[in-house]
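Residues per chain are reported as follows:
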Amino acid sequence: MLNGLKGLGVTLRGALRSKVTAEYPKEHLPIDNRFMGFPALTWDAARDEPYCTGCIVCVRYCPTQCMSAQMQDNPKFAEGVSHRKKIIETFEINLGRCILCGICVDVCNFDAIEMSHEHERSERLRNANRVDLPTLLDMGRQYQAEVGWKQSKPNAASPNERAAAKAAVEATKAEETPENPETQAADDTDIPEKSGGDAA
Amino acid sequence: MVNPANLADNQASSQPGTVDMMVNMGPQHPATHGVFRMELRVDGEQILDLVPHVGYLHRGSEKLCEHELYSQIITLFDRFDYISNFNNELVIVAAVEKLMGVEAPPRAELIRMIMCEFNRIASHMLFYGTFAIDMGAITPVLYNFRDREKIQALFESVSGARMMHNYFRVGGIKEDVGDDFVARALALCDDLERGIDETDRLLTVNEIFVERTVGIGVISGEDALDWGLSGPVLRASGVPYDVRVDEPYSHYDEMDFGVPVGSAGDCWDRFYLRILEARESISIIRQAIALMEPGDTMAQIRRIARPPAGEVYAHCENPRGDLGVYIVSDGGERPYRLKVRPPSFCNLQALRDLTVGHYIADVVVILGTLDIVLGEVDR
Chain S
8 MLNGLKGLGV TLRGALRSKV TAEYPKEHLP IDNRFMGFPA LTWDAARDEP
58 YCTGCIVCVR YCPTQCMSAQ MQDNPKFAEG VSHRKKIIET FEINLGRCIL
108 CGICVDVCNF DAIEMSHEHE RSERLRNANR VDLPTLLDMG RQYQAEVGWK
158 QSKPNAASPN ERAAAKAAVE ATKAEETPEN PETQAADDTD IPEKSGGDAA
Chain X
24 MVNPANLADN QASSQPGTVD MMVNMGPQHP ATHGVFRMEL RVDGEQILDL
74 VPHVGYLHRG SEKLCEHELY SQIITLFDRF DYISNFNNEL VIVAAVEKLM
124 GVEAPPRAEL IRMIMCEFNR IASHMLFYGT FAIDMGAITP VLYNFRDREK
174 IQALFESVSG ARMMHNYFRV GGIKEDVGDD FVARALALCD DLERGIDETD
224 RLLTVNEIFV ERTVGIGVIS GEDALDWGLS GPVLRASGVP YDVRVDEPYS
274 HYDEMDFGVP VGSAGDCWDR FYLRILEARE SISIIRQAIA LMEPGDTMAQ
324 IRRIARPPAG EVYAHCENPR GDLGVYIVSD GGERPYRLKV RPPSFCNLQA
374 LRDLTVGHYI ADVVVILGTL DIVLGEVDR
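Protein chains in written order, with this note's numbering: chain S, 8 to 207; chain X, 24 to 402.
So here's chain S without its partners, still in its complex pose (with noise of 0.2 Å):
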């Protein structure tokens, strides 16, 4: 009897609890900030063109491969716009096959790659989720733009912007970016940016 007086006491306070849950379609949780959905390309405002240099670290890194992505000579360098000698020109990701694992932004010198917050990718075809360029660009500008994005790594900036993080920071062979993205791509054994020293 008393048993089921307490029992029907969580009952009433389960009701009056409010409630816990969303209605998915209707309603959708915040997502938090560093919440990694499929990964997409930044976008280089100031010299309008993509980060990406196309130097397939992430696609080397992948686990699952699901990426493939060709260079070119940049036009703008030719011009003097940019400082980029080689820029991207097909990206190629099969996001149905991505396993949102976030090697590719960490490898990436550049910060050309991010994991966006898209989450929402259900197709009716099943090559619908092999994405281009042009999608994964659009992917990364809303991105960027929804979490007020800032490059952070030093490698990313224009040859100047380096030369002056370079003098702040400690001149190391982890600074030394490589002129030639190929090269870069080569070096697997460079050091992370942040530990600033030796190899140990």
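None of these hints come from the bench; they were simulated from the model.
A virtual CB, placed ideally from N, CA and C, is assigned to each residue, including glycine.
You may find that some hints are simply not true.
Claimed, not checked - No farther apart than 20 Å at their CA atoms in a straight line, the calculated lysine to aspartate or glutamate pairs in the EDC-like style are these:
#1 S:33 - S:145
#2 X:121 - X:279
#3 S:92 - S:55
#4 S:26 - X:172
#5 S:13 - X:270
#6 X:173 - S:56
#7 X:173 - S:30
#8 X:121 - X:230
#9 S:157 - X:198
#10 S:33 - S:118
#11 S:26 - X:199
#12 S:13 - X:220
#13 S:13 - X:230
#14 X:362 - X:334
#15 S:26 - X:214
#16 S:83 - S:51
#17 S:157 - X:202
#18 X:173 - S:34
#19 X:173 - X:203
#20 S:93 - S:118
#21 S:93 - S:51
#22 S:157 - X:276
#23 S:13 - X:221
#24 S:157 - S:51
#25 S:92 - S:145
#26 X:121 - X:270
#27 X:362 - X:172
#28 S:157 - S:139
#29 X:362 - X:91
Said to hold, decoys possible - What follows is a list of derived Cβ distance ranges for each label pair:
#30 S:37 - X:213: 20 to 26 Å
#31 X:165 - S:126: 21 to 27 Å
#32 X:213 - S:135: 44 to 50 Å
Said to hold, decoys possible - One-sided and incomplete, this derived list gives chain X residues near chain S with beta-carbon spacing under 10 Å:
#33 162
#34 169
#35 180
#36 224
#37 227
#38 229
With chain S held as given, fit chain X onto it using these hints.
Positioned in the frame of chain S, the structure of chain X alone reads:
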């Protein structure tokens, strides 16, 4: 349900004039917590024999590891025991660090510990809920999911993902926690304490619950050790073996926490032990947060982990038991061979001994208390 082909084989029956029945349970049975199949030989309602069939979720992860960089292997470990991802990440990271002779900075170790203990609570909360569902109590799972959701929200704010985090790195963690982490974690601890108490009140001394669990699936301490059981299943039988205490890793030797031990080794003990363990985890989290000091979160090592040639075995206390990893390295950036000692798989071995003689309805209860995760059993 009945496989007629098996009926003919059952020459040996328990009573003259009757034939034992073969019942297939699973692999799509909701109470098996995944794709797990049991072949039961029953006499009426009583279990005469049980043959577990595993392998439905086999993905060849150990072999896959041989083709992946150490940094990529962490993503595979997330997917072994998909209920306690952080604990899985910790063991591979610890193994590679041991082989390389690298140590993560204290702050990183503490954050790892906090995450692992939160994950232990999340895993145990899932256990309370699903275990109650196995016995027909629908309500507790809703309460437990509500609280587990809060833990996952914290995980999302730290690692960016709710389940497959890929947050630990060889030599540290991916990035430092946010500024509001300590406040959030402490508030969450209070919430979880209330949630665990609620589950405790709802289930532990519930009459029906006690009837269904006390004296069911008893295993003695010696038998449990012989079977190689570990974790809560072993401790419920009275063996105080906990890797966190016996071979401390991270900063567990600095923590003051008890190892709850059961006495009877039955289903009730295995359930209640997990409630006590979750409370200890909360105390560990509070102590670890108190020890946290600003500092580096990543040791200074090369980006591509390249351990020297050799072999290493590292193990950690998973919510399910003693999870071990054995790595053979040939000095390259990928392991030559990697072997996992999965606690769920080892605990599952005792299932036959635990169930024989009980009734069909008890099978789900006993299997529930073993708390297996098929992703880890089959790998």
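Review point. Which numbered hints does this structure break?
Key: 1, 2, 5, 6, 8, 10, 11, 22, 25, 27, 28 and 37
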